[in-house]
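**Q** The lines below spell out each chain.
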Amino acid sequence: MDILAQLVVSGIAVGGVYALIALGFVLIYKATSIINFATGEFMMIGAYFFYTFMVMVGLPPIPSFLLVMVCAAMLGLFIERAILRHMLGQPTISIVMVTIGLSSILMGLAEMIWSTDFKSFPPLFPRAPIIIGDIIIRSNLFWGFVLAMIAVICFALLFKYAKVGVAMRATAGDQMAAFSMGINVRTMFTVAWSLGAIAAALGGVIIGNIGGIQPTLGHIGLKIFPVVILGGLDSIAGAVVGGFIVGLVENIAGGYLDPYVGGGVKDLAPFVVLVLILLVKPYGLFGKEDIERL
Amino acid sequence: MDPEPILSMEDISLSFGGLAVLSDISFEVNPGEIFAIIGPNGAGKTSILNCIGGFYKPSAGRIRFEGKDITRTSPDRRAARGLARTFQNIALFRGMTVLDNIKLGAHAHLKTGLLSALAYWGPAHREEMALRNRVEQEVIDFLEIEAIRKQSVGSLAYGLQKRVELARALAMQPKVLLMDEPVAGMNAEETEDMARFVLDIQEERDITVVLIEHDMNVIMDISDRVMVVNFGQKIAEGTPQEVQSHPEVIKAYLGQKRD
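Taken in order, these protein sequences are the chains called A and B.
Heads up: the first sequence begins at 0 in numbering that gives the first Met the number 0, then just goes up one per residue.
Heads up: the second sequence begins at 0 in numbering that gives the first Met the number 0, then just goes up one per residue.
Looking at chain B on its own, in the form it has when it is part of the complex:
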């Protein structure tokens, strides 16, 4: 009955020098769910995302995406296969407009080769026009950023930058979206908007979401399942309710058991 997991980590360990950052982390993400990873600062959450994205090479273990082993695949090829990512510290291309940033998201889907791309006009140009139309209609409308698409990203408010970063990731038409603290630093209204977008991404666009977040209200509201890590080890996994009452989790967050 269990669906084939779309993404899984099997016994992943990661160390920098002698420092063990992750030890024997295993989990499976099912297609179409919102899977949250929580844990105190320094627990190794971002390291998990970096392993999935291909930026860190785990010292042991295996990562599978759609059933295929991607442990040794380069980050750009993982992206092309359908893994998109947003960053904790916004990683937009400054100096470019919102639209340019979003168009770059669709880079992986451009089929024109290097030679014809050097000659900008011709097939490459037509492909770009088609791409632009698709991107405008789908992503910009979806995230309600029509009004700012010609603006330079550097001039935008923080919450909007986060939204543009999400738009860029969605323009890649990913199968799995990895989000590193999507609502960090946002005010209540921006947080609510972002939570709604994440839910819509899952429901309307059929994209699996793996997210790291500190905001417990958001986690409890939108996640299907939650994994808790502390000191590089997995200490709990389950529905938000299960995890919330898990003694290890309470200990990790509060330092002692609550009565």
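Next up, chain A with everything else stripped away, as it sits in the complex:
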């Protein structure tokens, strides 16, 4: 029972971070209908930005964190303006290939700029683990979860109440009608890419702080696909719930089954659950039913 509680708590904590990265995915998909396969690399680049500002430049954590957000927004803006805007109206498969290519380019760039060496941040939080009853959580994971949840709530509020968020929802709902309301749909695409990049980059900083960074950090992005597909590609609530499900599933399955099969269950289990849920609900748990673009 203690083990289960422990696994559930760490599952929730990891799941919260997954939810944030998934949000980076959903924000872009919702407004532009583009599946960004470079989400994991956005995350990795975000972690390197943080490393650059904090370790290489020597700034304190909070300014570094803010600068990561600014740089991620610029990266999203640049990619949308320079590349994806010119792909408007092209077949979905071409756009998907572009984002896959983008992920390779970003990974290559990271290797060129920061080398393939493993790097880690100086300690950001007190090292002592957080103890709740019998349950022990690593402090980096605990604070990472708190930060991720704050970010997710901010994004949700922005989307629900702020003018730009409402305009993005309108763009997602019906582009022609959004145009007719005086909403600059192209600007909304740029905003979506910037916000998506910010969400992924923040997730990257948190993940990097937990486990260190390498140019291959973006492969964690693969785990985000079960999260967003479970939740429905276009649902913010779905991203959060999907994040928690994947975090819980991989921790519980890994914790109980790994000793018998020699490891690896953690990475496999989310995809098994994904297939099972999609068999029952092909549009994800929260997705709208008319997604058919890919």
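Hints in this document: simulated from the structure, not taken from any laboratory.
One or more hints might be untrue.
[To be verified] Here are some chain A residues pointing at chain B (derived, C-beta under 8 angstroms):
id, residue
1, Val95
2, Thr98
3, Val165
4, Ala169
5, Phe178
Even glycine gets a Cβ: it sits at the ideal position worked out from N, Cα and C.
Go by the hints and put chain B onto chain A.
**A** For chain B alone, kept in the frame of chain A given last:
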């Protein structure tokens, strides 16, 4: 004596690939009138509206709005200048409430910039409250949708959805309202309500209306002037009575001359 037209098309041609959709369409809409565009299916009526709205780029010709050339202006800027639109297939934002949809209509009139809008509270919040009050009083009362304003648009009956779409367009406080088949698919009672609203929009709110419609009774009842198109060409223009007896129009609709 002629008033300056509020909206005009001059020799507009539009083609997709090799297919000519519109050829040399010209017309002028006078301020304050209800101008109807009719024609058989596929005649190019919706294409005309899409050119006015900025969704289609005509291959030749010029569109003027309040005397200014808007042929190259983007759709959102045309909307901000005072061109509102309702759609043939209702284009409401599903999942949002009636009120949210209507508030989006006033989006073009929100003056707060992006940065202060990011911080929702403060000036942006006050502006939103003022906006909400204005929208509630004017549009919701006018279209008699007070009772449903908190409901999600997806749950509403078809006729009501059309009405909400009209409310959203009116919340933009447009100078010209483009309506694509406002009574299509409506029953007799809903049609009558909608026709009354369109007349009220013109008379009380001083908005010029350009509409496409198949329902001839509605067209004849409410339009000041009618333009008839067939195969992408203008075949007649005039008062409803003039157009009704125009031989080309009768030919287009019935295939032969009526005795």
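**Q** All hints are to be evaluated individually against the structure, with a verdict given for each.
**A** To see whether the hints hold, each was checked on the structure:
1. Given the 8 angstroms rule on beta carbons, the hint for Val95 (chain A) is violated: about 26 angstroms separates it from the nearest Cβ of chain B.
2. Using the Cβ-Cβ criterion of 8 angstroms, the hint placing Thr98 (chain A) at the interface with chain B is not satisfied: the shortest such distance is roughly 26 angstroms.
3. With a least beta-carbon distance of about 6 angstroms to chain B, the hint placing Val165 (chain A) at the interface is held under the 8 angstroms criterion.
4. The interface hint given for Ala169 (chain A) is met, as the beta carbon of that residue sits about 5 angstroms from the closest beta carbon of chain B, less than 8 angstroms.
5. The restraint placing Phe178 (chain A) at the interface with chain B holds, with a minimum CB-CB distance near 4 angstroms, inside the 8 angstroms limit.
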